[in-house]
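Protein chains in written order, with the numbering used here: chain A, 1 to 350; chain B, 1001 to 1659.
Treat the hints with care, since some could be wrong.
[Stated by the list, open to error] Where chain B lies over chain A, by a calculated footprint (3+ residues, C-beta under 8 Å):
| id | region |
| --- | --- |
| 1 | 93-101 |
| 2 | 319-325 |
[Claimed, not checked] Taking beta-carbon pairs under 10 Å as the criterion, some of the chain A residues facing chain B (in silico):
| id | residue |
| --- | --- |
| 3 | P72 |
| 4 | H80 |
| 5 | M89 |
| 6 | R127 |
| 7 | R128 |
| 8 | C336 |
| 9 | G338 |
| 10 | S339 |
| 11 | A341 |
| 12 | G348 |
[Claimed, not checked] Cross-link-like lysine to any residue pairs, in silico, SDA-like; alpha carbons within 25 Å at most:
| id | chain 1 | residue 1 | chain 2 | residue 2 |
| --- | --- | --- | --- | --- |
| 13 | A | K332 | A | K343 |
| 14 | B | K1229 | B | E1205 |
| 15 | B | K1311 | A | D333 |
| 16 | B | K1311 | A | D315 |
| 17 | A | K15 | B | P1493 |
| 18 | A | K325 | B | R1453 |
| 19 | B | K1311 | A | P337 |
| 20 | B | K1471 | A | I22 |
| 21 | B | K1310 | A | P206 |
| 22 | B | K1218 | A | E340 |
| 23 | A | K343 | B | Y1455 |
| 24 | A | K332 | B | V1307 |
| 25 | A | K325 | B | A1300 |
| 26 | B | K1570 | B | S1596 |
| 27 | A | K343 | B | E1210 |
| 28 | A | K325 | B | L1461 |
| 29 | A | K343 | B | A1300 |
| 30 | A | K343 | B | G1219 |
| 31 | B | K1143 | B | T1155 |
| 32 | B | K1306 | A | L342 |
| 33 | B | K1452 | A | N346 |
| 34 | B | K1399 | B | R1527 |
| 35 | B | K1115 | B | R1086 |
| 36 | B | K1598 | B | R1580 |
| 37 | B | K1154 | B | A1074 |
| 38 | B | K1471 | A | N78 |
| 39 | B | K1495 | A | L13 |
| 40 | B | K1311 | A | D312 |
Rather than coming from a laboratory, the hints here were simulated on the basis of the structure. From the three backbone atoms N, C-alpha and C, an ideal C-beta is built for every residue, glycine too.
Spelled out, the chains give:
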Amino acid sequence: MSYVRPTFRHPELPKNKLGYTIDYYEGSLSTLCAGCGHDSISAAVIQGCYEMNIEPHRLAKLSGIGCSSKTPAYFLSNSHGFNSVHGRMPSVATGANMANRDLIYFGVSGDGDTASIGMGQFVHVIRRNLNMVYIVMNNGCYGLTKGQDSATADEGSKNKTGQVNLFESIDLASLAIELGATFVAQSFSGDKTQLVPLIKAAMKHPGFAFINVISPCVTFNNNVGSTKSYDYVREHVEATATVDFVPQMQEISVEYGKGSHKHVKMHDGSLIELHKLAEDWNPLDRQSAMNAVLNAKAKNEILTGLLYVDPDSRDLHHLLQTNDKPLNSLTKDVLCPGSEALKGINAGLR
Amino acid sequence: MSKKLKKKIVKKATKKVAKKATKSVSKKVAKKSNTKKVAKKAGLKVVKKSVVESKSKVNDFVIRFANVNGTGSASANFLFTKAIFRMGIPVTPKNIFPSNIQGLPTWYEVRVSEKGYLGRREGIDLMVAVNPQSMLSDVNAVKKGGYFLYDSSKTLHSQYIRNDINYIGIPLMQMCNEAYTDARQRQLFKNIVYVGALIALLDIEFSVFEGLLAEQFKGKEKLIPSNVKALQLGIDYVKANFKYPLDIRVERRNLVKDWILMEGNAACGLGAVYAGATFAAWYPITPSTSVVEGFSEFAAEFRTDKVTGKKNVAIVQAEDELAAIGMAIGANWNGARSFTATSGPGLSLMNEFLGLAYFAEIPVVLVDVQRTGPSTGMPTRTQQSDVLEAAYASHGDTKHVLIFPSTPKECFEMTADSFDLAEELQTPVIIMTDLDLGMNDHMSPPLNWDDKREYKRGKVLDAEMLEKIEKFGRYLDVDKDGITYRTIPGTHPSKGSFFTRGTSRDEYAVYTEDSGSYQRNMDRLIRKWNTAKKMVPAPHVYQKSNQSENGILFFGTSEYAAEEAMDILKEQGKPVDAIRIKSFPFSKAVEDFINSHKRIFVIEQNRDAQMRSLLMIELGINPSKLISVLNYNGLPITADNILGQIAKNLSGSKKLKKA
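Generate the whole structure from the sequences, applying the supplied hints.
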């Protein structure tokens, strides 16, 4: 971990369409351990936002408590951030999203924050299909309290002190698919090539976009016997497909290989391109996605990529039929019924 | 309606009589029945005359309906209340209901008071007992000389016979069985029949009911005749069998004026609509559920875009109270006025988030409709027992603004005010109502709204203002009042963003564990607290100058009984001064009132004298000066109770008892 970040940037850093160089999307210096998987994910977020020409102030970062939840401070310093309470980020994100449907809501959580204390909120934010990106930086342990097993630690996995986890792990990706999440992806913090397009597609998805990222804890869970160590994950990753994300504005000029490939058209015209590796898996079919995840798990493999997507996703605002204008922009003349209406109400109560 | 006293009061009626009577009713001619004879046959003691020939109590009595939950009694009982109200007579109904949907006993108590006393009063003048389950306690609850109206379709068991009360037997079940064929109707109209009986017994104007039914069944006019028929059955039976009206009865007055009859919860919900709340998150819990339901109903009316049909409001039923307040905080953080409502157990769950909102300085409005605790307690009974829990909710050094409304009008106005306060102070504001206020209809002055009123959004910087600022500091006390400037996400591309957190931070919202920064921030929060003292609703001081060395202090729904007690003390030549607290933190007026009296009776509806503790803690009042008057049986406090407790401390010994 370093304490000073060099401020020098290459004078000819490429600019995105908004005229911003990538450093415009950075945050403050990370205080996580050197080599932490979470920092790689932050870097992927920065890259994704840069490539997507996101106006940082039109994105809100939200998190709970834990190592992972600290990361929103380490990217997009021009965005508002909210580091809430342990396991409760989904509720804060729900309120924030209801207040202003026009921003991108970027939630970051950890395996303790999501799979234990925040399980209830995680489950219900999926159910409501809140329009947000929800990344779990999943390292199977509690880092900030020094390495206790979390609920996503695999049964039989060893932690740094050599203790073997006795309990069945909670598989967040299959849980999300089962609960009806409309976008479920899984990735590995060390695979930026895969992670960046996933983040980009997630930001465009009109509903709850879940990305479970295996993110090894270098300090407490990177030992032999851990199933969330860099070595183990690299050996057991099984990519479903290579993923490309083609935003709407871009001309579609990607050349498809001869192998099977799939386009997923998003509601705004963007395309997700999946070059499939597994013939029997269809990311548009929930049952098929579920089978793929379970089959991989049975083989001790970690299936990555976009596992399931529902391009017809309808988010909470759609379900509640709220005004197209952000609710926080409405003024008294629209909101207050006024004294005449009150006269009528009084009359009805006599 | 005829007021001829052509019939004797009948003390008892038996099955046989009932049958006879029902037959006559079905023939539309109610015949006089020979009750005495039949009662004797049944082996019951017959009371020959009215036991107590009390002088007529016009517009001053309490009637209690003992019903079975889920049998449709609520609307019939409310019809009764509303009829009294429409006759211009002050009336106050109280639901005493179980935590149950169907089958358990439920009571509805109506106090009619010419003097306008709207608090609860002990002593039942007339019991309408239609629930066999609770009949024994119902019989015993009737005041000596009072009346016991019961369903005489079956013989009244001897255990229910008292010599000191009057019995009015009406064969409700039999009459309905004969008059209606549908099983549900037979059940429902029993309630309307006894209301009909009360029309005759209490001399209520029939035309008032005609008006009420016409309003209730607007668009469903087909239902009116069957209701009128049921009322008429009751009226005819009374006329045929009893001396009527009773000594307790009503007479038209003009005392209600332009007042309304409303539940506090609906008023809170409406206040939120008027205040411009665009988001509510909630978790159902008695007795607060109808706050957001009320909000939802009014919002459906006033917040639906007439052209697009889209809603200018979002309401989310959360998975629990933690999520409910989390959502409300998230929306407020993002610039939408938002609130939640809960009761005791929910308040406990919301503690963590309340601490976050206090420390991270996010506005949020919470309506706490208090019920009896601790734990699940009695969910359908009233209490003021969340005072300390709310005042200091969450770990660490926290204090929260509390608002104490007493009437539906105040529920409406103070809810609207709370949104201003929460945003101006950037902190949670908790509206402390209770089940009594929230779920009972209260007579209240009409709701009032000034169209010139603007929403006070507090210190929020827009893009233009941010442009002019060199460096934005979220927690920089620019104005030295402890209240700093905030920004809403999405306002400006490069200025105004900051990280909201529950961890310590410096004036620029940057994480820090520096002791000095932490302490500076905590001290500023106290500076803000002191600013709040000047902004929260001032107490109501009842007198321009002190009349007595004794004062009474109360808040919320204790107002009704306390004002009545005050009147009585005055009549007894022992006047006391009074103050009603409307908010916390306490303003100087509260301190002055306490300091200028020798002893203060603190009236509250909890066991532990929580408001007294709060006064001691926050104002450093000598405990021996504050004498508790407490009520914590789950029922609204009564004037008699207050008077009794005050008398104990005032009479005889001059020693002042501690609470």
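Each hint tested on the structure:
no.: 1; hint: 93-101; in the structure: holds (count 8)
no.: 2; hint: 319-325; in the structure: holds (count 5)
no.: 3; hint: P72; in the structure: holds (8 Å)
no.: 4; hint: H80; in the structure: holds (4 Å)
no.: 5; hint: M89; in the structure: holds (8 Å)
no.: 6; hint: R127; in the structure: holds (9 Å)
no.: 7; hint: R128; in the structure: holds (7 Å)
no.: 8; hint: C336; in the structure: holds (6 Å)
no.: 9; hint: G338; in the structure: holds (5 Å)
no.: 10; hint: S339; in the structure: holds (5 Å)
no.: 11; hint: A341; in the structure: holds (7 Å)
no.: 12; hint: G348; in the structure: holds (9 Å)
no.: 13; hint: A:K332 x A:K343; in the structure: holds (18 Å)
no.: 14; hint: B:K1229 x B:E1205; in the structure: holds (16 Å)
no.: 15; hint: B:K1311 x A:D333; in the structure: holds (15 Å)
no.: 16; hint: B:K1311 x A:D315; in the structure: holds (15 Å)
no.: 17; hint: A:K15 x B:P1493; in the structure: holds (17 Å)
no.: 18; hint: A:K325 x B:R1453; in the structure: holds (24 Å)
no.: 19; hint: B:K1311 x A:P337; in the structure: holds (14 Å)
no.: 20; hint: B:K1471 x A:I22; in the structure: holds (23 Å)
no.: 21; hint: B:K1310 x A:P206; in the structure: holds (19 Å)
no.: 22; hint: B:K1218 x A:E340; in the structure: holds (23 Å)
no.: 23; hint: A:K343 x B:Y1455; in the structure: holds (21 Å)
no.: 24; hint: A:K332 x B:V1307; in the structure: holds (18 Å)
no.: 25; hint: A:K325 x B:A1300; in the structure: holds (18 Å)
no.: 26; hint: B:K1570 x B:S1596; in the structure: holds (19 Å)
no.: 27; hint: A:K343 x B:E1210; in the structure: holds (24 Å)
no.: 28; hint: A:K325 x B:L1461; in the structure: holds (21 Å)
no.: 29; hint: A:K343 x B:A1300; in the structure: holds (18 Å)
no.: 30; hint: A:K343 x B:G1219; in the structure: holds (22 Å)
no.: 31; hint: B:K1143 x B:T1155; in the structure: holds (22 Å)
no.: 32; hint: B:K1306 x A:L342; in the structure: holds (19 Å)
no.: 33; hint: B:K1452 x A:N346; in the structure: holds (19 Å)
no.: 34; hint: B:K1399 x B:R1527; in the structure: holds (12 Å)
no.: 35; hint: B:K1115 x B:R1086; in the structure: holds (16 Å)
no.: 36; hint: B:K1598 x B:R1580; in the structure: holds (18 Å)
no.: 37; hint: B:K1154 x B:A1074; in the structure: holds (24 Å)
no.: 38; hint: B:K1471 x A:N78; in the structure: holds (13 Å)
no.: 39; hint: B:K1495 x A:L13; in the structure: holds (23 Å)
no.: 40; hint: B:K1311 x A:D312; in the structure: holds (22 Å)
In terms of the numbered hints stated before, the structure departs from none.
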